[in-house]
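Undergrad: Chains U and S, in that order, are what the protein sequence lines are.
Taking UniProt numbering, the leading residue of the first sequence gets 1, the next gets one more, and so forth.
Taking UniProt numbering, the leading residue of the second sequence gets 1, the next gets one more, and so forth.
Hints listed in this document are in silico derivations from the structure and should not be mistaken for laboratory results.
Each hint should be verified, as a subset may be incorrect.
A few chain U residues facing chain S, derived, Cβ under 10 Å [stated by the list, open to error]:
1) 221
2) 225
3) 374
4) 389
5) 425
6) 429
7) 430
8) 523
Ideal Cβ positions, reconstructed from N, Cα and C, are used throughout, including at glycine.
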Amino acid sequence: MTINQSGWKPSSPVQGATDTGTVTGNRALMLEEALIFEIGDSETTGVDIDGPEQRDTGLGSLLRSAPIGLPGLTEPETVRHYTRLSRQNYAIDLGLFPLGSCTMKHNPRLNEKIARLPGFADIHPLAPRETVKGALELINTLAFWLIDLTGMHGVAMSPKAGAHGELCGILCIRAALEARGDPRSVVLVPESAHGTNPATAAFAGYRVENIPANDAGRVDLEALKARLGPDVAAVMITNPNTCGLFEPDMKAISDAVHAAGAFVYCDGANFNAIVGKVRPGDLGVDAMHINLHKTFSTPHGGGGPGSGPVVLSEALSPFGPLPYTARTTDGVVHLVEEEQAEAFSAEHFGGKLQSFGRMTAFHGQMGMFTRALAYILSHGADGLKQVSEDAVLNANYILRSLEDVLDAPFAQSGPCMHEALFSDKGFAEGVSTLDLAKALIDEGFHPMTMYFPLVVHGAMLIEPTETESKAALDQFIMALRSVAERCRAGDESLKSAPHHAPRRRLDETLAARKPVVAWREPVPAAAEAPTPSEVGDR
Amino acid sequence: MRYLPLSDTDRTEMLATIGAGSVDELFRDVPQEARLDGPIRGLPMHASELSVERQLTALARKNVPASDAPFFLGCGAYKHHIPASVDHLIQRGEFLTAYTPYQPEIAQGTLQVLFEFQSQVARLNGCEVANASMYDGSTAMWEAIGMAGRITRRNLAIIHEGVHPHYVSVARTMAKFTGTSLADRAPQLSADMQVDALLADIEANSPSCVVVQYPDILGRITDLQPIADAAHAKGALLIAVVTEPVALGLLKSPGEMGADIVVGEGQSIGVGLNFGGPYVGLFACREKHIRQMPGRIAGETIDADGKRGFVLTLSTREQHIRREKATSNICTNSGLCALAFSIHMTLLGEKGLRALAELNHARARAAADKLAAIPGVRLVNDLFFNEFTLELPVEARPAVHRMVEQGVLGGVSLGRLYPDESQLANGLVVAVTETATDEDIDALVQALTEAVK
Chain U
1 MTINQSGWKP SSPVQGATDT GTVTGNRALM LEEALIFEIG DSETTGVDID
51 GPEQRDTGLG SLLRSAPIGL PGLTEPETVR HYTRLSRQNY AIDLGLFPLG
101 SCTMKHNPRL NEKIARLPGF ADIHPLAPRE TVKGALELIN TLAFWLIDLT
151 GMHGVAMSPK AGAHGELCGI LCIRAALEAR GDPRSVVLVP ESAHGTNPAT
201 AAFAGYRVEN IPANDAGRVD LEALKARLGP DVAAVMITNP NTCGLFEPDM
251 KAISDAVHAA GAFVYCDGAN FNAIVGKVRP GDLGVDAMHI NLHKTFSTPH
301 GGGGPGSGPV VLSEALSPFG PLPYTARTTD GVVHLVEEEQ AEAFSAEHFG
351 GKLQSFGRMT AFHGQMGMFT RALAYILSHG ADGLKQVSED AVLNANYILR
401 SLEDVLDAPF AQSGPCMHEA LFSDKGFAEG VSTLDLAKAL IDEGFHPMTM
451 YFPLVVHGAM LIEPTETESK AALDQFIMAL RSVAERCRAG DESLKSAPHH
501 APRRRLDETL AARKPVVAWR EPVPAAAEAP TPSEVGDR
Chain S
1 MRYLPLSDTD RTEMLATIGA GSVDELFRDV PQEARLDGPI RGLPMHASEL
51 SVERQLTALA RKNVPASDAP FFLGCGAYKH HIPASVDHLI QRGEFLTAYT
101 PYQPEIAQGT LQVLFEFQSQ VARLNGCEVA NASMYDGSTA MWEAIGMAGR
151 ITRRNLAIIH EGVHPHYVSV ARTMAKFTGT SLADRAPQLS ADMQVDALLA
201 DIEANSPSCV VVQYPDILGR ITDLQPIADA AHAKGALLIA VVTEPVALGL
251 LKSPGEMGAD IVVGEGQSIG VGLNFGGPYV GLFACREKHI RQMPGRIAGE
301 TIDADGKRGF VLTLSTREQH IRREKATSNI CTNSGLCALA FSIHMTLLGE
351 KGLRALAELN HARARAAADK LAAIPGVRLV NDLFFNEFTL ELPVEARPAV
401 HRMVEQGVLG GVSLGRLYPD ESQLANGLVV AVTETATDED IDALVQALTE
451 AVK
């Protein structure tokens, strides 16, 4: 295998590339790191595995003949490789991570410790039930809390992420409508909804229609009422919405939707703003997913895993997915799978349970349930309420501390919830939200959510969360004020930010135009195919 | 409330800056009748770290961990030894507590790992490209069926009898709501995968895809090339499902035998059993289909200085851009599990993976020979990797419970997976990995001997 001695360079040198000033590309504590394919080889391994007693496999022509091409590193090389890579990441453990709508809060290490107890981490999903009683009880305890905190009737635990939960909720709605012989064809989605909402409705076989937002950044109630009719299956609403605002008409919306024979789906991604303060069930919500990683602090690991249990109203509860856990009147927690679903339903629930089916191979994200329950028990009923209050307080503090330097389109509408929305209005010609975000990186912060929600031009959505101290917020506000002023003044250096990150601005267009998504051995120069570096006019 | 840093003084000062008299004023958009006054009923107050740890440890003790008993369960989730450095590295805060790499300049660690992961997964499966992971194997299989439908513009998926029944169940759920037709049947308790019936089904229809598991739910393996040829002759794609990726250290990859899409469960490498999740779905395919591939993808590019860097790419297929026209509704991946997979795979390397696979096969072979010698017990399939099926003289479900009484977790009964198929009731699927010692295997032989009496 060819070893690229200068792994920081692209596979082929780029014309006009500027040097970083060092031979290795390293800068002080920031070390460049080549790919495992460039530093490892097929003969190196970091594990000691005793050879098998006999090598005659009897597998004949099914045996692999050609090499796979997997590089190996020794254990010390592996530890260095991944440790060096980790240092090129921004993370909540390093500082404030104000991604609106994504919720990056402190991840308590107690939760990690609990999730790794062998009694939770080292049990098989098909283990005989008498050997996993504690796990079933844990799922049921968490289910109880989720039902109680949301004022709902039932919960489906198996969805593996927020968007998977959305799909689960919409499938429950579809199953309920079909069960009553009233299949409908349309799902209404307000403009301010997450992008997954319309994708989910379309995947469940519905036609999606948008409902506009009003001038105050809320759902236009009159437009919604006017569109309701016998073809509408559900309305998917996000509350608090993606403008960071509570929908004060939520009850009126639910009443109108129910009167039209349809169901209310609430995107619960922002539940962390109201947990312990408001119960969505009291507002007429029929189904809502809960992103455990957002509201209940399970770490997101650079993009997952997530976990998206869905709480359900009385009307939808019978239709949730398999497998499910249920506590019967004798206090025993049961794990109900296809095999006994019908009999279980007949014996304990009068035959009412009519699951729409299975969404995933096993019971969902047990590792996330464990972490979420540890977090919930740590905070308790009193603490969770304090969580919401501090999250809202922190967001409003940001909103009011920046509204003189950044346009805040809905600031006149009243307090925000857990996130504050700003726009690029007032920036100098040619300076964009993107430039502000990249300049913020140079100040040592992860940028906020950009260009979302779509209802605001050049949107910036800031969510500080409750685990930030006032001192951390003040430092962030100071940095953002300074960058905002440079944006208003049209500072040219913004256009080339970030200047101090592990990488300068990356060319995303190039990556999409000629995708290179797996490593290939460099080919000899004469036969060289075009690489991304040579495509386009750089 | 150790996770909340604001003091009462901070709160008062901040309210003054905001211009609000109390926190409740900030909730004024919430209608009064929907507000909760006081703590939520029925729930306990906050608890100390010590107290929470005690409560949950007590719950954990009610379970029997795989490492505390001779353990032989498989069927889509496998117990393997994970090197200590894997868990150590994934717990580094910069990996653990990072979000989706939306700002690539400060997420190169995650992005380079995903690029390396994609490269490993593609090679392992014999494909050209792979994505940055899915929720799990079952959801990956459903997404592959959807992708085949988009490519061929057909809507019939033929599913081979050996595909994990829970995976089929997931596909059936999704098919019901998306207008996809599924043709599937329950397996026979026979030594060979029923390939002739499958070839006849392909010949008689024009499916979008044919789905085959390798090794299959009973642990059987077969050459996929004739199935690929038959599918391609009818303009269909071959989707191979791999639930035990360690097998690919020893066996020919599905891609090498003509599979167009290879999906799988990556739990075996680097990710613990976790009672079913979180796991990591693997998804690899031919480069020509890359724009139809669902999920996240990391791609190579350059920065303003010309240095190599990585970004999430091809996101124009995704929900946040195409909304209701997206190729899938999924919004995330299993980043941390993909990292664990990738680290473990890097530690193994080609050499280690092959040794691990050989060891698994040898342990399973040794166990199968001993188990087949139990009076009345028949080894159904002689061709397997690390998992095989036994036909017992009695129903396997109660036999499994009788083995538990003897302290042995002895396998998965086919009766649990196929409650309606009486011809499978005596089938027991046994998985033997490198973690099973000679003593464990002897304990299994003894427990099963007792259980079938």
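Undergrad: Each hint: holds or not?
TA: Each hint, compared with the structure:
no., hint, in the structure
1, 221, "14 Å, violated"
2, 225, "18 Å, violated"
3, 374, "6 Å, holds"
4, 389, "5 Å, holds"
5, 425, "22 Å, violated"
6, 429, "22 Å, violated"
7, 430, "17 Å, violated"
8, 523, "15 Å, violated"
Of the numbered hints given earlier, the model fails hints 1, 2, 5, 6, 7, 8; all others are met.
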